[in-house]
Amino acid sequence: MTSWMVDLPQDVPQVSVEWYRDIVEFADRTPEPVQWFAAHFTEGSVVLLGLLFLLAAWRRFGGTSRDRAAALVAPVAVVLAYGLSEWIKTLVDQERPCRALAELTIVAGQCPPTGDWSFPSNHSTIAGALAATTLVLGPRLGLLAVPLALLAAFSRTFVGVHYPHDVVAGVLLGALVGTVLLATLSGPVAHLLDRRRTGPPTQTRTPTGAR
Numbered sequence: 001m002t003s004w005m006v007d008l009p010q011d012v013p014q015v016s017v018e019w020y021r022d023i024v025e026f027a028d029r030t031p032e033p034v035q036w037f038a039a040h041f042t043e044g045s046v047v048l049l050g051l052l053f054l055l056a057a058w059r060r061f062g063g064t065s066r067d068r069a070a071a072l073v074a075p076v077a078v079v080l081a082y083g084l085s086e087w088i089k090t091l092v093d094q095e096r097p098c099r100a101l102a103e104l105t106i107v108a109g110q111c112p113p114t115g116d117w118s119f120p121s122n123h124s125t126i127a128g129a130l131a132a133t134t135l136v137l138g139p140r141l142g143l144l145a146v147p148l149a150l151l152a153a154f155s156r157t158f159v160g161v162h163y164p165h166d167v168v169a170g171v172l173l174g175a176l177v178g179t180v181l182l183a184t185l186s187g188p189v190a191h192l193l194d195r196r197r198t199g200p201p202t203q204t205r206t207p208t209g210a211r
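Everything in the sequence shown is counted per this note's numbering, starting at 1 for the first residue and increasing by one.
If you are wondering where the hints come from, they were derived from the structure by calculation, not from laboratory data. Treat each hint with caution, since some may be false.
Here are the simulated SDA-like pairs of lysine to any residue, each with C-alpha atoms no more than 25 Å apart in a straight line [stated by the list, open to error]: (1) Lys89 <-> Asp116; (2) Lys89 <-> Gly109; (3) Lys89 <-> Arg99.
Restraint-style ranges between C-beta atoms, simulated for each label pair [unchecked claim]: (4) Arg66 <-> Val34: 41 to 51 Å; (5) Phe26 <-> Asp194: 47 to 57 Å; (6) Glu43 <-> Thr184: 27 to 37 Å.
In this text, all values refer to a predicted model and were calculated from it rather than measured experimentally. We put the beta carbon where it would ideally sit given N, CA and C, even for glycine.
Input sequences plus hints: build the corresponding full structure.
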């Protein structure tokens, strides 16, 4: 057994630590332009996903009440997915891999501060939620968003700030919360929009003296 396996973080799956080490060591051997691109892509990818999401939502506003409701619910679903991810972080309190395995050189340069926990990955959660809701709102745009979200999640391990299981959990969490909330809330919101447009039902008054 090699010496680094003896010092594996106890609360992290061994296979995830091994994959993290392999990916980070590979990233450190890549050319500097690749590292520069990865360091910027890991943040910029969420912005690109947000633009695809907004475009898909905007197109829905010109449709039926259900379409408009979906466009209104989708941002809420993404925010709730992020909030749930933050809450889970406080429960798990898993240390960042770049802190637990500090001997490795990471593309990100600096590790997030202590207390900014690792599991699940917030970036991956947001990416998963944006991709899933974009796929529902506009399937063609979603076909661009899904691989972009997967690359965004992978980049978090490539630059060294998350274990592989952090990003997998984040993507799945975001996609699940995004699609479930979109499916369950779009109908009630569409009903509220219809009622607001048509107003309450009018009551027919009975003429005085009529039997």
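| query | Are the Cα positions of Lys89 and Asp116 separated by 25 Å at most? | reply | Roughly 8 Å between the alpha carbons, so the hint for Lys89 and Asp116 holds.
> CA of Lys89 to CA of Arg99, is that 25 Å or under?
Replying inline: holds, 16 Å
**Asked** Is it true that Phe26 and Asp194 lie within 47 to 57 Å of each other by Cβ?
**Response** holds, 54 Å
For the hint 41 to 51 Å, verify it against the beta carbon of Arg66 and that of Val34. Distance hint for Arg66, Val34 holds at roughly 44 Å.
Notebook entry, point to check: How does the Cβ-Cβ distance of Glu43 and Thr184 compare with 27 to 37 Å: does it lie in that range?
Noted result: Given range 27 to 37 Å: holds, Cβ gap about 31 Å.
Open item on the list: Check the hint pairing Lys89 with Gly109 against an upper bound of 25 Å on the C-alpha distance.
Closed with: holds, 23 Å
Figure legend: structure checked against the earlier numbered hints; every hint is met.
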